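Start from the sequences, fold in the hints, and give me the full structure.
Residue numbers (this note's numbering), protein chains in the order written: chain A, 1 to 132; chain B, 1 to 132; chain C, 1 to 132.
Honestly, the hints are just simulated from the structure, not real lab data. It is possible that part of the hints are untrue.
For identical chains, the list gives no copy identity; a pair is met inside one copy or between any two copies.
Pairs of lysine to aspartate or glutamate residues, derived as EDC-like cross-links and limited to a Cα-Cα distance of at most 20 Å, are as follows [to be verified]:
hint, residue 1, residue 2
1, K50, E22
2, K50, D75
3, K50, D79
4, K123, D100
5, K6, D19
6, K50, D78
Treat the numbers as computed from the prediction; the structure is a model and nothing was measured.
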Amino acid sequence: MFLDIKTNERMELIDITNDVKEQVSKSGVEQGICVVSTPHTTTSVFVNEKESGLRFDILNLLERLVSPSAGYQHDRIDDNADSHLKAVLLGSSETIPIIDGKLVLGTWQSIFFAEMDGPRHRKVNITIIRQN
Amino acid sequence: MFLDIKTNERMELIDITNDVKEQVSKSGVEQGICVVSTPHTTTSVFVNEKESGLRFDILNLLERLVSPSAGYQHDRIDDNADSHLKAVLLGSSETIPIIDGKLVLGTWQSIFFAEMDGPRHRKVNITIIRQN
Amino acid sequence: MFLDIKTNERMELIDITNDVKEQVSKSGVEQGICVVSTPHTTTSVFVNEKESGLRFDILNLLERLVSPSAGYQHDRIDDNADSHLKAVLLGSSETIPIIDGKLVLGTWQSIFFAEMDGPRHRKVNITIIRQN
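Quick look at the structure:
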């Protein structure tokens, strides 16, 4: 299934942990894995801590590693080369184990959808595989 | 199964989307996931847009983040430390959902095999898991 | 299941290949995938070559891309913003195919647990999914 996400900024980290947990619960799967992935090329999915200062630091790191305008070739066609490059660095999917019907997330782990070319309407895919 | 890939440059992004789609089709799996992974330590697999300018920008970013010669320790043994480091940044696998017998790829998504120490003969593994 | 890992340095790459292979063997799964993931937000899992010089180069690259102290917001709360940022770059899981009861690892591939805020007691999750 797909989550619908409305982003509000050009770059924004959105906590989707509760939505993913809800799908795991609905699936009835007790042991397995949950794959969270994006069908977009200027967004990513990753897992880390939900702390407002750290969220700022993550976006700032991406901005520092990938300058928004550095004479990119892709900017001749579309004005978002940096968004694609940030997405390549973060990756398009994460896989999280399920044990006893629950996502295996550590105390400090949240699942984030990273918007890097918003604001837009986006989708995130959640696919749950049973261990058999 | 494995795809055989012949690369032609030291660094090169090769679109393997059609090959992966063909394996999904052959598998007959209707709902599930497709894992695309590399058995090499100087190549990667990632998903992003197939636009020639952007492909140049991605290789250029890797070259900027990981200088080809920076007095790496590994270069005392083999002359490809930068290739390994680029591979660590990009990761060795991607997992893509399958819905109704088709890979869930967004409009702009293609699957790339990233060669970072070519030219060589390479392999890519495709493993398809049914959701049951 | 979870592996228990005792790390000894602030930043350290620990080869867990044999532990993962042992679990694949115990599972009796002949064809499938093995997901190796971390429940921590300052550690990562990745696959690359086990060569001591390269391990130094990888840690050095992370230190160069993510300066240990750069006025991070998160450092006002906890003194490990750089550890989180390195973990975001490397990712929290890897998925490796299983063929004929064995992990599909290339000649030079080892599976690493990356500690970036040690020394600590850590856990790594190994989940094996059968292809059916």
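Intra/inter-copy verdict for K50 and D75 if alpha-carbon distance must be at most 20 Å
Intra 32 Å, inter 14 Å, cutoff 20 Å: inter-copy only.
As a check of your reading, is K50 near E22 (CA-CA no more than 20 Å) within one copy, between copies, both or neither?
Within one copy, since 18 Å is at most 20 Å while 34 Å is not.
Pop the pair K50 and D78 into one bin, within, between, both or neither, using alpha-carbon distances up to 20 Å.
between (32 Å within a copy, 13 Å between copies)
Could you figure out if K50 and D79 sit no more than 20 Å apart (CA to CA) within one copy, between two copies, both or neither?
Between copies only: 16 Å across, 30 Å inside.
Within a copy, between copies, both or neither: where do K6 and D19 come within 20 Å Cα-Cα?
within (14 Å within a copy, 33 Å between copies)
Within a copy, between copies, both or neither: which one fits K123 and D100 at a CA-CA cutoff of 20 Å?
Only across copies: K123 and D100 sit 18 Å apart there, 28 Å inside one copy, limit 20 Å.
Hint violations for this structure: none, all hints satisfied.
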